[in-house]
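Residue numbers (our numbering), protein chains in the order written: chain A, 1 to 123; chain B, 124 to 538; chain C, 539 to 1025.
Hints were generated in silico from the structure; no laboratory data involved. Mixed in with the good hints, there may be bad ones.
Straight-line Cα separation of at most 27 Å, BS3-like style, residue types lysine-lysine; simulated pairs [as the list claims (entries may be wrong)]:
{"hint": "1", "chain 1": "B", "residue 1": "388", "chain 2": "C", "residue 2": "839"}
{"hint": "2", "chain 1": "B", "residue 1": "232", "chain 2": "C", "residue 2": "924"}
{"hint": "3", "chain 1": "A", "residue 1": "96", "chain 2": "A", "residue 2": "43"}
Here are some chain A residues pointing at chain C (derived, C-beta under 8 Å) [to be verified]:
{"hint": "4", "residue": "55"}
{"hint": "5", "residue": "57"}
{"hint": "6", "residue": "83"}
{"hint": "7", "residue": "84"}
{"hint": "8", "residue": "87"}
{"hint": "9", "residue": "88"}
We put the CB at the ideal spot given by N, CA and C, even for glycine.
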Amino acid sequence: MLTKRYVCIICPNSCEIEVEYSEDKINRISGNMCEKGEEYVKKEILCPERGLTTTIKVKNGSLPLVSVKTSKAIPKEMMMKIMDEISNVEVEAPIKIGNVIIKNVLNTEADIIATKNINKKVK
Amino acid sequence: MIQKEIDIVIVGGGPAGLSAAISAKRNGIDNILIIERNENLGGILNQCIHEGFGVEIFKENLTGPEYMQRFIDEVEKLGIPYMLNSMVIDINSDKELTVCCRDDLYKIKAKSIILSMGCRERTRGQICIPGTRPSGIYTAGTAQNLINLRNYMVGKRIVILGSGDVGLIMARRFTLEGAKVLAVVEILPYSSGLPRNMAQCLDDFGIPLFLRHTIVNTHGNRRLEAVTIAEVDENLKPIKGTEKKIECDTLLLSVGLIPENELSKNSGVIIDETTGGAIVDENLETSVRGIFACGNVLHVHDIVDFVTLEAEKAGISASRFVKNKLERYEMIKVNPGVGIRYVLPHFISTKRDVKFFLRVMKPGRNKMILIKDENRIIKRIPKLRVNPAEMIRFELKKNEIKGVKELWIEMENVN
Amino acid sequence: MKREFDILIIGGGVVGCAIARELSKYRVNALLVEKECDVAMGISGRNSGVVHAGFYMKPGSLKAELNIKGHRMMPKLCEELDVPYQRVGKLVVAKNEQEVECLYKLKEAGDENGTKNLRIIDKEEIKKLEPNVEGIKALHSPTSAILDPFIFTIALAENALRNGIRILLDTEVLGIEENGSFTVKTTKGEFKSDFVVNSAGLFSDRISEMVGISKYKIYPCRGEYHILDKNKRDLINGMIYPVPPREFGGLGVHLTPTTDDNIFIGPSAEYIGEVDNVANTAEIMERLFKEAKELLPKISKRDLIRSFAGIRPKLIKANSKEPGDFVIEESPDVRGFINLIGIESPGLTAAPAIAEKVVEIIKKKMKLKINQKFKPKRKAPVRFSKLSDREKSELIRKNPNYGEIVCRCETVTKQEIIDALKNPLGARSIYGVRKRSKATCGRCQGGFCIPKIVKIMEELFQPPIDDITLKGEGSQLFIGKTKDLRR
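Excised from the complex, chain A in its bound form (with noise of 0.2 Å):
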């Protein structure tokens, strides 16, 4: 059997959370505050996952940039390779918070949504 602490990354209060488990079950979960915390470890032993944001480029826009994020959480792993896509991609303003700017990223059944109002340039 294998103990591992993990932090809690869901919220701020940053639970630190203890956990026993052999290879195929959890025996003992301690710590957390609430439980999301349990799904987290759990996730995270199984399958981690995380939130992506950052930001796309943005033509005509009255800033560069708009910001973004996964519409839910994707696989460790792909956090690169979704990196690599978005780095192509340019969209044009004007541009408002949830617009869905990549449908589905690499099949990953997230979306990349904007977080933020972007106003066409004034001339």
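Fit chains B and C to the supplied structure of chain A, relying on the hints for placement.
Okay, now just chains B and C, sitting in the frame of chain A:
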């Protein structure tokens, strides 16, 4: 010159200022003005594109711009007036503000002022890093602005000094953008950022953290070519013989934030040397009557939701002040004791329930926060973990502090 | 581009620029070349900014003569060129009886050199002049002054340019051939000239060697400084100096107010190997602060906003018995080659007098006709923060760019940044903006305003990313755009 009279002037349109304005408006004051120096509202959150905002208030995990937009929308909906690209260049003790803006110089007479200017980053000069002064040395927030808003990549091979949250967030940001973060160097034996940021910004990417280390030299006359790091002893002095040179083109400094109170000082507001912010009472009123402070200009927060909550309170107090309804009770002093770096507010009336914010000196486990007066322990609050990076909040009910003449907050070990 | 000149000046420091300006009073074809991206990039911008009254210099020396002369010329010159100049006065403070003796020696030298109004004052008078300073006696020099050495050098260059002198930045001299006249090879091609003036400061021995004069050697002597936040300016009224140490390294760690209301602490004096090593060192940074704190107990490390270092181009080695003097001469071996070597302190003060002396040397060899169109005045761009509220308002109404504050610490407006970027010399680095407008000089050290200055650069010039530099070629701020590393 344009003269104006305003009931409540809010200096700074970041998270604190917007919440204070909304709260003042909801408490019946219409003649409000937010003065913002940048070209849009939202302050520093504009560049904080990562998640982690709003968990406390909205029960949602939002990015900085999303969090901020909710407040901007509310300000618009309530029709609260604001000025952009406008800088307050002076506040005098009569609560008269001088504001510089693109159409004229304004002289604004305020009944009440809410200070919400935020903070600035500690620089290389203040921590006396030896070495040359090439390009490629940035404070973390400046790099964040350049990368996230201006689309400029500041470097390829990065060393970060200080493990504050902005530095950790930037370590991940750099890595995602394809740069190599070679080391995060922290002079203390523990990180000064939130544990979750250590986990998801460093551990996730295998970025090494050098605790008890500092930068003892910078190399290169034009662009940075390398830094030398060294281990420090218990007095935080570099230990000879432990130097290690790391070739890099960028040094990022995440070595602390300083509440930006130059304007406050002009108006006569007295500053707490420890927090760098104003000395305030339970109404968040400063030493100048009618001037209130909230957010990072009062003390540096780690979570924006608490800025919002604090600012709401400042908004309420200011609106009561304008309506002549702010009670004037006698105040007692609240003192930080053993193990406590600071506690806010500095003064309370004991006539009301009060929420306190404090920070501890050092990280630890199994601690007890003690609230005492001259004679007895009023309350004990157990803490499984404490960390200077994490602000601790607690509340005292008025019946718990009735008749108390002075308060001390201390921390002790639990056996 | 014109390639043939009467006179070619090497080095855009304060001395080179003063010579250029002095020459512009005559109808000459002259060119000044500077290897850096701006003028005042070397020692001219890395010193205390003091206009010395002349009592430190050995009587009879060239240093003493040119110091006294430069000091007398300075008020009028700064007025003509619109350069910040303040006669704040100086106290050289003795802490014990032994040091008092030195004060009398300094006064004696000053009196002999022609320094005006020197007085030895007692403890009470010290307290009256400087309530925060401790000492048993002091030498008071009321005519000692401060100026902004960056602006002074820039103003000299701008005025020279306006009056017809050519100035080329980013132009490094690679070699000089002498065959009756001179052929100067540079990174911007070859130039022919009848006279060459070597005012290359720290590199003057190397330039001299290019024409075969190898008898001079520069011994670099570094001086480190700290800069104090302007909220501490009120702690002193004028300059506070200790009694100078016995070795001729420097004048001792002193406190010098600047015309922008900071206080400089420093400089140290340390002989080093390289002429371009302007690094600060942990040991000296610590020592400077400690010594300053002894002079002014009310300062703390929190008040430090920046440290820097400059290098004195000394002609003498460490522990020399004699202070060394300026070399200003037409080389006896290479006709037409005017050597200026060892121009360290009081070089800033003496610069206008040195310039006159150099022009006198040229005049002996070449007929110089008066430039009837010479305009002595130069108008500095507006400094918004120094205006009254009414003036500020009027200015903003005329030009809204004065209403937009870019640098919050020093209250510098967008128009001032534009003025700095569109300067007559064509210098465009962040340092160029810094020297001219004072943006980035404050307590946040550019953290907030550098992104804004870069944005204004974009608006004005759409510069390629490699042209956005801190201080010229090789000091690029950025490596590219985001996403570049991922594509």
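For each hint, the structure was consulted:
no.	hint	verdict
1	388/B x 839/C	19 Å, holds
2	232/B x 924/C	23 Å, holds
3	96/A x 43/A	32 Å, violated
4	55	7 Å, holds
5	57	7 Å, holds
6	83	6 Å, holds
7	84	5 Å, holds
8	87	4 Å, holds
9	88	6 Å, holds
Of the hints listed earlier, the one the structure fails to meet is number 3.
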